[in-house]
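S.K.: Sequence:
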Amino acid sequence: MTFYGDGLGGKSIYYWNGYHNSFEDAFSGNECVIEILGEKRRDFPLSQKYSQSWKPGLIRACYLTHYGVSVTETKTIFDDVFLDRFVFSNPRDRTVVLRIVLRGSPRGRSEINGGSNFIHIHELEGPLEGTHKVIGFDRPSALEIKNDEYTLSLVVKLKPLGSEELNLVVSMSEDYEKALRKFNTSLKEFNQRIIEKEKEWINFYTHVVPKFYCNDQSITKLYYHCWYVCKCNVYKFGRGYFKYPFTSPSKFRLKPQWFWDTAFHAIVEKWMNGFEVGAGGILNILESQREDGHLPFTLAIDKFFYEKEYGQIIQPWIIPIAIWDLYLKSGDLNLLRRSIDHMVKFDYWMENNRDLDGDHLIHLVIPGESGWDNSKRFVLQKPFVQTNSPMVKEGRWIEPADFNTYLYLGRILISRIAHELGKKELAKEFSHKAELTRRSIESMWNSEVGLYLDQFVKDHEQINVKTPGGMIPMLGNIPTKEQAKVIISHLTNTGEFWRPFPVPSLSADDPDYTVEDTYESYWNGRGWPNITWQIIEGLFMYEYYDLAGYLALKLLKTGIARGEPYCTENYNPETGTPYENPMHNIFCYGWGTLHNDVLIRRIMGIQPDTPRDRVFLKPLFP
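Every number in my numbering is 79 more than the matching position in the sequence shown, counting from 1.
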């Protein structure tokens, strides 16, 4: 069970089975819409919401309906089942009769039947193909099916000044008997499951989440909201490539495992106590490795997505950074032992398949491999879509400065991990490989522009587009101190990258810079939490602490720019607010929780080194 809407009855209730990709509109479904009608047939549906409250695990809303009756709805998901309780309260001194109608339709071609109190939908086509849904009440109801639409109807009779409860359950599974069994069990144990859900969240915030207090309550609220997003995006399949629990980027749109997202999730999740999802997600990725060493761009329960369209494609190699980060926090040598062979094998794959000119840099074959899907770095002119890139149109492959910084750091960290495990020859090999990559990245410095520039493989022709990608080598301590000063001059220039909120994905003095809510701005103006996180970390490498602190606070403020906390895929660098179009920005987004890593590691200055039994404390502010 993945999500539900906040309308009466949940409306769009979605189940992801781990197999298909997931770009459909999260709230496009109409599986479960509740209508409340009066006693008379001519009465229209009426439910006027007058309050709604949210706390982790539960949504509670209050409505007014016919005859002044109030309806309190409480809904949640427990054990992969949607639970919805309605309490009807009659303020009158006479009996009131209400008609309750559940309306819905499947998402694709389906078979629909049912029993005395439920509907059974078997999805035969579409995004939920193969899924069995069982939807129904805790009392008898009348089923009607017309043209792929269904209704379940019943009557609620309220005594004078009395109240009645009505429970609704939605269960889904690839197996009908399992879905029906979960449905019936949930109806029988409805009260206990609501209680258990609340206990689960109390335990999470009491024992798993590190305690935090700030005199700015909006920051405190953002901090705890980030942990909510981490927990809510967890999937637990326990089979196929998903042997271990993992965090999806967002259950509202990107449900599978994405390669670089998984690493950023782990970097945040390491701070929680006993929350092993970060390491589990990384192990899913590594243990799905092909025999030739390739790792997935995007992982499903049974396949690598996008292989048919693009062949063996990759994403930014952030995973070694995340593994080392997890190790510093946990001291878990077993994680290093389980990871190192996979990392080495993938490095060899990149070397053999993406360094065809032997310059110790790797190239990309489509813009999407960079993570910067439609950036002007890779799509040199409008329209800014992947198919207009010279990489796609002409086969002119590109070596990016930032991607190769990750390659360099990966080799440094493989060497360091090999040293921890007593593998001296491997440590020596990867230290040498890292140094060769470092020298090649140094050659990508453009002294006229004052940034590192991406280059075509052929002739190493540079691409003169100013983006934060040209600053990322600071993360690897690659620029000289003088070069770092020049990079900082770009970062702090209000006409380029020093906008009200950090850090735009294209320099503001570029004629194609835009922050409009369109796809064009996606990587050509918008700010991205994961990129700003890297810039902050790079500033620390060069001891620009004041500047790093300023950017860190600005990043936090993007999470509260609309008042309530918000973990978003990207944001407007001019206003700090999230974008509304769900196709170009997703809420409850995994790397939007990097706020908490910045807050703990940098603003509070806590850096554990558990293998050496020590903790470094260097807060940014007194």
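Take the hints with a grain of salt, since some may be wrong.
[As the list claims (entries may be wrong)] Restricting the straight-line Cα-Cα distance to at most 25 Å, the calculated cross-link-like pairs of lysine-lysine (PhoX-like) are:
#  : residue 1 : residue 2
1  : 276       : 257
2  : 128       : 238
3  : 408       : 697
4  : 310       : 90
5  : 276       : 290
6  : 257       : 300
7  : 134       : 322
8  : 503       : 564
9  : 310       : 322
10 : 310       : 424
11 : 472       : 507
12 : 236       : 134
13 : 276       : 236
14 : 537       : 633
15 : 472       : 512
16 : 322       : 408
17 : 300       : 290
18 : 119       : 290
19 : 408       : 382
20 : 278       : 238
21 : 290       : 424
22 : 119       : 278
23 : 472       : 564
24 : 408       : 502
25 : 238       : 315
26 : 387       : 300
27 : 322       : 257
28 : 382       : 322
29 : 300       : 278
30 : 90        : 257
31 : 238       : 276
32 : 278       : 236
33 : 290       : 564
34 : 633       : 290
[What the hints assert, rightly or not] Across the chosen pairs, the derived CB separations fall in these ranges:
#  : residue 1 : residue 2 : range
35 : 254       : 279       : 37 to 47 Å
36 : 232       : 389       : 24 to 34 Å
37 : 459       : 263       : 19 to 29 Å
38 : 279       : 234       : 54 to 64 Å
Since the hints were derived computationally from the structure, they do not count as laboratory data. Where a beta carbon is used, it is the ideal one built from N, C-alpha and C, also for glycine.
S.K.: Now look at each hint and say whether the structure bears it out.
M.R.: How the hints compare with the structure:
1. 276 / 257: holds, 21 Å
2. 128 / 238: holds, 23 Å
3. 408 / 697: Since the Cα atoms of residue 408 and residue 697 sit roughly 16 Å apart, the hinted pair holds (cutoff 25 Å).
4. 310 / 90: holds, 23 Å
5. 276 / 290: With Cα atoms ~21 Å apart, residue 276 and residue 290 stay inside 25 Å; holds.
6. 257 / 300: violated, 39 Å
7. 134 / 322: Roughly 30 Å between the alpha carbons, so the hint for residue 134 and residue 322 is violated.
8. 503 / 564: violated, 36 Å
9. 310 / 322: holds, 18 Å
10. 310 / 424: violated, 31 Å
11. 472 / 507: Given pair residue 472, residue 507 is violated - Cα atoms ~40 Å apart, limit 25 Å.
12. 236 / 134: violated, 31 Å
13. 276 / 236: violated, 30 Å
14. 537 / 633: violated, 40 Å
15. 472 / 512: Roughly 32 Å separates the two Cα atoms, so the pair is violated.
16. 322 / 408: holds, 23 Å
17. 300 / 290: holds, 12 Å
18. 119 / 290: violated, 54 Å
19. 408 / 382: Judged against 25 Å, a Cα distance of about 32 Å means the pair is violated.
20. 278 / 238: With Cα atoms ~33 Å apart, residue 278 and residue 238 exceed 25 Å; violated.
21. 290 / 424: Measuring from Cα to Cα gives roughly 40 Å; hence the hint is violated.
22. 119 / 278: Violated: residue 119 and residue 278 sit about 42 Å apart, past 25 Å.
23. 472 / 564: violated, 37 Å
24. 408 / 502: holds, 22 Å
25. 238 / 315: violated, 44 Å
26. 387 / 300: violated, 43 Å
27. 322 / 257: holds, 21 Å
28. 382 / 322: holds, 13 Å
29. 300 / 278: holds, 20 Å
30. 90 / 257: Between residue 90 and residue 257 the Cα gap is close to 23 Å, so the pair holds against 25 Å.
31. 238 / 276: violated, 31 Å
32. 278 / 236: violated, 33 Å
33. 290 / 564: Since the Cα atoms of residue 290 and residue 564 sit roughly 38 Å apart, the hinted pair is violated (cutoff 25 Å).
34. 633 / 290: Answer holds: residue 633 to residue 290 is near 22 Å, not above 25 Å.
35. 254 / 279: 37 to 47 Å: violated, 25 Å
36. 232 / 389: 24 to 34 Å: Given a distance of about 49 Å, which is not inside 24 to 34 Å, the answer is violated.
37. 459 / 263: 19 to 29 Å: Distance hint for residue 459, residue 263 is violated at roughly 60 Å.
38. 279 / 234: 54 to 64 Å: Violated: the Cβ-Cβ distance is about 35 Å, outside 54 to 64 Å.
The structure is inconsistent with the numbered hints 6, 7, 8, 10, 11, 12, 13, 14, 15, 18, 19, 20, 21, 22, 23, 25, 26, 31, 32, 33, 35, 36, 37, 38, although it conforms to all the rest.
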